[in-house]
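Asks: Here is how the chains run, residue by residue.
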Amino acid sequence: MKKLWDKYRFLFLRRTVQISLMVLYFGANAWGWTFLTGNLSSSSILGLIPMSDPYAALQMFAAGALITTNLAIGVLIVIILYGLLGRVFCSWVCPVNLITDLSSYLRRTLGFNEIQKRQPATRNIRYWVIVISLVISIFMGVTAFEFISPISMVHRGIIFGLGFGWAAILIIFLFDLLVLKNGWCGHICPLGGFYSILGKYSIVRVDHDAESCTACMKCKEVCPEVQVLGMISKESKQVSNSECTNCGRCIEVCDDGSLEFSIIDRLKQK
Amino acid sequence: MTDRRKFILNMARGVGLAGLAGLTWSAYVDEVTSKKIILRPPGALPEKDFLATCIKCGMCVEACPYDTLALAKPGDNMPIGTPHFIPREIPCYMCPDIPCVPVCPTGALDQKSVETEGKLDIDKSEMGVAVIDDKSCIAFWGIQCDACYRACPLLGEAITIEYEKNERTGKHAFMKPVIEPDICTGCGLCEKACVTDKAAVFVLPREVALGKAGSYYIKGWDKEDEKRLEDATAIKTKTEISKRSAIDSLNDMGDLY
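Protein chains in written order, with the working numbering: chain E, 1 to 270; chain Y, 1 to 257.
Bound conformation, chain E alone (with noise of 0.2 Å):
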């Protein structure tokens, strides 16, 4: 059982969030609870402290729209908030991980990843996605991506019903299983591009003592944004980039304790 815990605690506890605040957010619908109301977009805790998508509002700004007081309240709070924790939404937050955590799981296990070595895509999709979506903001006068956001039709299908929700959900499913490997979340979602950029400074990373390691690269293996991971068996340091999503799979896959979470290093290095 300690074993089980040490293995996939993390997991544990990143479902437990995802699937949690999924719940609050339903009851607030469905049973008007009131402590946590609205979506991923925009939501309030307890009618007080706002929080809103910062991604959401920069389109809200290029499409010429008033950014109300509210609203940058909302946007500040959650800035500060993963601008320190890093890339969390992403694999604590985000319900559309659980469908690519699937995805890659199923990758992985039914050798799909034997199959279709070669990764023909670049990971800076996201960044390009990001881009445009900001120039159709602004000529189109809409929130561009949100208005195709597969991320809001998976949160807002869970609080307020599916509809044709459910395409989206099984197209990121096969596009990640069959198509390109950690493909939505990994290379093209702009959101999690632009968590990316934000956690450019965060203060939690995982920190990799080489000394340990035995180069089994199990951590390798799980790891949605391998690229970050360049540095095990070689260097023994933190993960510097904000790519990585903080989701602690390769701390619990290590049998070597190669790799932890670090806080204080960090304000060291400074």
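A couple of the hints might just be wrong.
So the derived label-pair ranges between C-beta atoms look like this [what the hints assert, rightly or not]:
#, chain 1, residue 1, chain 2, residue 2, range
1, Y, N10, E, A215, 28 to 36 Å
2, E, V23, Y, G19, 39 to 47 Å
3, E, V179, Y, K135, 50 to 58 Å
4, E, I77, Y, E117, 29 to 37 Å
5, Y, G16, E, L81, 35 to 43 Å
Here are some of the chain E residues that sit facing chain Y, going by a computed Cβ distance under 8 Å [unchecked claim]:
#, residue
6, N39
7, S42
8, A56
9, A63
10, L71
11, V142
12, A144
13, F147
14, F164
It is worth saying that the hints were derived from the structure and are not from the lab.
The beta-carbon is built from N, C-alpha and C at its ideal position, and this holds for glycine as well.
Given the coordinates of chain E, assemble chain Y onto it according to the supplied hints.
Replies: Frame of chain E, contents of chain Y only:
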């Protein structure tokens, strides 16, 4: 291949792909925003601003005690995630405290537009306007029905009953419902109450249902409207056609006959 050439090719490829994605994306956005017949919650900004401002959080939907409001789902063929209502299913019951508006975090539902002297006033909302199809409205046939009139929260103001002699029978009266668009809020209680198979009175967005006379026409018998003349300026129309060629064009019928 030289590095320089590779770099240029890669850049060109990136720009091309971005253009491709951007155009496809814009086409989709243009398509979903083309639907005009969507009824928004009270206080909603004009549709164009609304689409730029609504963050699609659904707090108005959660605040609505009658489950009137819903967020557009994929497959509804509306801008996804935006709040709307369908009066024939659930109309807006015009709560005096308008719970859906103050919760809006972005101001897409503008509280100022539904206030009178700093107090919330749902009667000021302009969600749409009711329209009557007098061909299918049985009151226009001479059958007595005032379901919409009775259902109207602004009874006697937004809908009035017009009496008219029924020449067919010679002894009955038509009691025809008439909408007053300046007062009607578009709540849709009339549409919900309408007894015909498909509602003979229904709410449409104001931009869709209402015309616009423009500034050329003035109600000369209306003192207020007449004032518009005071600031009026004349526009002299100039055309390129000379007097002579105008006459020629009248005389020359060409191949017309």
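Asks: Among all the numbered hints in the text so far, which are the ones the structure does not match?
Replies: none
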